[in-house]
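Starting from the structure of chain H, add chain X where the hints point.
The listed protein sequences derive, respectively, from chains H and X.
Here the first sequence stands for residues 1 to 120, where the numbers follow this note's numbering.
Here the second sequence stands for residues 1 to 499, where the numbers follow this note's numbering.
Hint data in this document are derived by calculation from the structure and do not stem from the laboratory.
Note that the structure is a prediction, hence the values are computed from the model and not measured.
Just to be clear, a hint being listed does not mean it is correct.
Stated by the list, open to error - Calculated lysine-lysine pairs in the DSS-like style (CA-CA distance at most 25 Å, straight line):
id, chain 1, residue 1, chain 2, residue 2
1, X, K317, H, K54
2, X, K434, H, K54
3, X, K317, H, K100
4, H, K54, X, K397
5, H, K27, X, K286
6, H, K65, H, K96
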Amino acid sequence: MARILIVEDEANILKLMSVNLKARGHKVIEAEGGREGLARLRDAFPELLLLDIKLPDMSGWDVLKIISADPAYAQIPVIVITASLNIANQDYNLYKNLRKVLVKPLDVQELTREVMAALN
Amino acid sequence: MASAVINLQKEYRSALKDFLRGGGEKALKNAYMLGRQSFEQHLGVLDIVAVHHQALASLLSTSGELPANKKVVKQASDFLAECLSPFEMAQRGFQESIAALNSLNARLEDEVEKRTQEVRENEGLYRTLIEISPDAITLTDLEGKVTLCNEQSALLHGYSSPEAAIGINASEFVAAEDMPRMKDVALRVLKEDIIGEVEYLLIRKDGRRVPVEVRVTVVKNAAGKPSGFIGVNRDITERKQAQAKLESLLKAEAQARQKAEMDNELRLKALAIVSHELRTPLTSIKGFATTLLADDVVWSADDQRDFISTIDEEADKLSDLVEQLLDLSKMDAGVFKFSPVRQPPSALIAVAAPHLQTLTNQDHNLIIDVSDALPDVMADAQRVGQVLDNLVENATKYSPAGTNIKVSARANNDFVEIIVADEGPGISMADREKVFQAFYRTDDKTTLKAKGAGLGLTICRRLVEAQGGRIWVEQGNEPGTIICFTLPVVSIAEKQAQR
Chain H
1 MARILIVEDE ANILKLMSVN LKARGHKVIE AEGGREGLAR LRDAFPELLL
51 LDIKLPDMSG WDVLKIISAD PAYAQIPVIV ITASLNIANQ DYNLYKNLRK
101 VLVKPLDVQE LTREVMAALN
Chain X
1 MASAVINLQK EYRSALKDFL RGGGEKALKN AYMLGRQSFE QHLGVLDIVA
51 VHHQALASLL STSGELPANK KVVKQASDFL AECLSPFEMA QRGFQESIAA
101 LNSLNARLED EVEKRTQEVR ENEGLYRTLI EISPDAITLT DLEGKVTLCN
151 EQSALLHGYS SPEAAIGINA SEFVAAEDMP RMKDVALRVL KEDIIGEVEY
201 LLIRKDGRRV PVEVRVTVVK NAAGKPSGFI GVNRDITERK QAQAKLESLL
251 KAEAQARQKA EMDNELRLKA LAIVSHELRT PLTSIKGFAT TLLADDVVWS
301 ADDQRDFIST IDEEADKLSD LVEQLLDLSK MDAGVFKFSP VRQPPSALIA
351 VAAPHLQTLT NQDHNLIIDV SDALPDVMAD AQRVGQVLDN LVENATKYSP
401 AGTNIKVSAR ANNDFVEIIV ADEGPGISMA DREKVFQAFY RTDDKTTLKA
451 KGAGLGLTIC RRLVEAQGGR IWVEQGNEPG TIICFTLPVV SIAEKQAQR
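Isolated chain H (complex conformation) (with noise of 0.2 Å):
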């Protein structure tokens, strides 16, 4: 199916996400962190990104705009997974990648919907 990259701190959370997309048929890869996120994203090239907010090293915000600025990532969709209560605070026009934001608690049945979406 796709290679998707996980950028997600909280190791349980990655465990459901990474679970849930592998069982199926997707290739997973992890990242604990924002700049080793942002490593993977270039020696791995996934087809999407899953990016958690709240990470111990940067904003994901900041990982995002990262992205958006390089015209190399302009084809990665991104999908926003956050436990913050401020999203409304954010100009999601700002990053061109974004395709998604999703609040924690995570609903596994919708994450999987808007992957699906988002690689389509």
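Chain X only, in chain H's frame:
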């Protein structure tokens, strides 16, 4: 005068002879004319009497001129009387003048007396005004030397009575820093003839500083020239105090408002963090449950077991977090119960020890080193146990397996210090205070895997402080984390309770 007497001598002799020879009324008139003339030439009565005697003697001694008898002498006397009559009249006039002058003087004296009385009454009125004024009134000369003042003024300057204050220089009672402004006002008052107003610090004789307000104007003498100043001082200590109080109240209000705003901001921040912290385990629990229930995937028995144990683990985390949040809210609401009891520190540790043992059993060696000789403390054994559980559990999370975790105690003045030390990586200087903040987590990579809710040390701090102690991260000689907390020994605890 001499020539006037000589002239008179000549004329008198012939006029007298004329009369004595029967000159009658006409000759007698001559006597009067001679008298007038003499009076006008400022001759005296004695001069005329002398001239008369000389003329009469001469007439009588010359033979053939006049019969020398008593009748002649008597007639001559009539002549002299007539000659002297102008003098008599003049004297009468003089006496009348003196009488008139005397009566005028008397009237003037009456007038003066009346005016003096009036002035005295006015002066009394002004003096009363000055005396009853609640303000301090001071008259000075142009140099500032006090010439008159009321009791209030004397007291304000630190003197017992107005008499004692006369002669002092009012300018010496002005604080040095206010002197330039005072001089400015005095100059303007002199130049522009206005009432000047100025606030200054008055330094009393005894050195006490009194804030005052003065209204000052110039005093002029009869010629209209400035001769001094009159000042009305008012003690504005109370006004200043009220002002200062108002200012401090406003400041306190601003601070309280700022604090409330900050508190509110912190609360919002805490709410955001709490919400995140609650959602994270919830996401795993709900997510793995949904995963297990998915009808498009068949999970292996191993996968199923793995997912269920993850749910179990996350449910524990969630439960711990809820428990801790509940404790903190109870402490905030003041319903968290503390029952401090007098007891030796070793007894406190003995109560906690069994549970600490189970916490460390698997991977670490727990060493308890608490002497029975330490002074008694006031403490709640259950709450101290809670603190020790937290600290020891943290130590097991952050230090490598097989290392020691040591719990010890020592007396330090009015407190007993309880120390939990591990042999892990320790806490960086920068994080030593922050670790007590709610939800704070160090950026240290090595601690990333060991996750709690981030409330443990916050709760410990609250528990320790509620019992009159302190908690902090101590600098040790060896690597590892050393956390110290104190409990008050009985004497100080009693003092604190009395306060």
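Task: List of violated hint numbers, smallest to largest - done: Of the numbered hints given earlier, the structure breaks just one, which is hint 3.
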